[in-house]
Amino acid sequence: MMEAGKEIETRKEQAPVTRETIRNRPVYVPPVDIVENNDAIILLADMPGVDEGNIDIVLEKDVLTINGTVEPEYHENYRMAYAEYGTGDFRRSFTVTDAIDHDRIEATMKNGVLKLVLPKGERARPKKISVKTV
1130 MMEAGKEIET RKEQAPVTRE TIRNRPVYVP PVDIVENNDA IILLADMPGV DEGNIDIVLE
1190 KDVLTINGTV EPEYHENYRM AYAEYGTGDF RRSFTVTDAI DHDRIEATMK NGVLKLVLPK
1250 GERARPKKIS VKTV
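All you need for the working numbering is the position in the sequence shown, starting with 1, plus 1129.
Fair warning: there could be bad hints in the mix.
Below, computed lysine-lysine pairings styled on DSBU-like, alpha-carbon distance capped at 35 Å [unchecked claim]: (1) K1257 to K1244; (2) K1239 to K1249; (3) K1244 to K1190; (4) K1261 to K1190; (5) K1190 to K1256; (6) K1257 to K1190; (7) K1261 to K1244; (8) K1261 to K1239; (9) K1190 to K1249; (10) K1261 to K1249.
Simulated from the structure, these hints should not be mistaken for lab results.
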């Protein structure tokens, strides 16, 4: 049971600034689920408010970087009196080994979730070895 007077802390994870940004706003690290099957590794990144046209995915020197820009909504004839939802952009990077087929990486966006499919190269896939009798 919680003691009276204690508050629950919330954690807002922000990406370290690794390059200069033009926009004066926070950059968040999107939470990512990573799942794997025999053929691919799949990354599911939560990026609420990001449209598919505002996502930049770059693979350079074995580093896969995801950048998502949120365009804030402005309402004419209104001014913000109070806001609980912080808007900002998203950025996250992953190291990708040569076990991934870099030329076949695919990305889709649906309902604020970015899905990246990283197909495994032939060497990384499990291979069944048959046993022969001699």
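How the hints compare with the structure:
no., hint, in the structure
1, K1257 to K1244, "holds (29 Å)"
2, K1239 to K1249, "holds (23 Å)"
3, K1244 to K1190, "holds (21 Å)"
4, K1261 to K1190, "violated (42 Å)"
5, K1190 to K1256, "holds (28 Å)"
6, K1257 to K1190, "holds (32 Å)"
7, K1261 to K1244, "violated (42 Å)"
8, K1261 to K1239, "violated (48 Å)"
9, K1190 to K1249, "holds (17 Å)"
10, K1261 to K1249, "holds (28 Å)"
The structure fails to meet hints 4, 7 and 8 from the earlier list, while all remaining hints are met.
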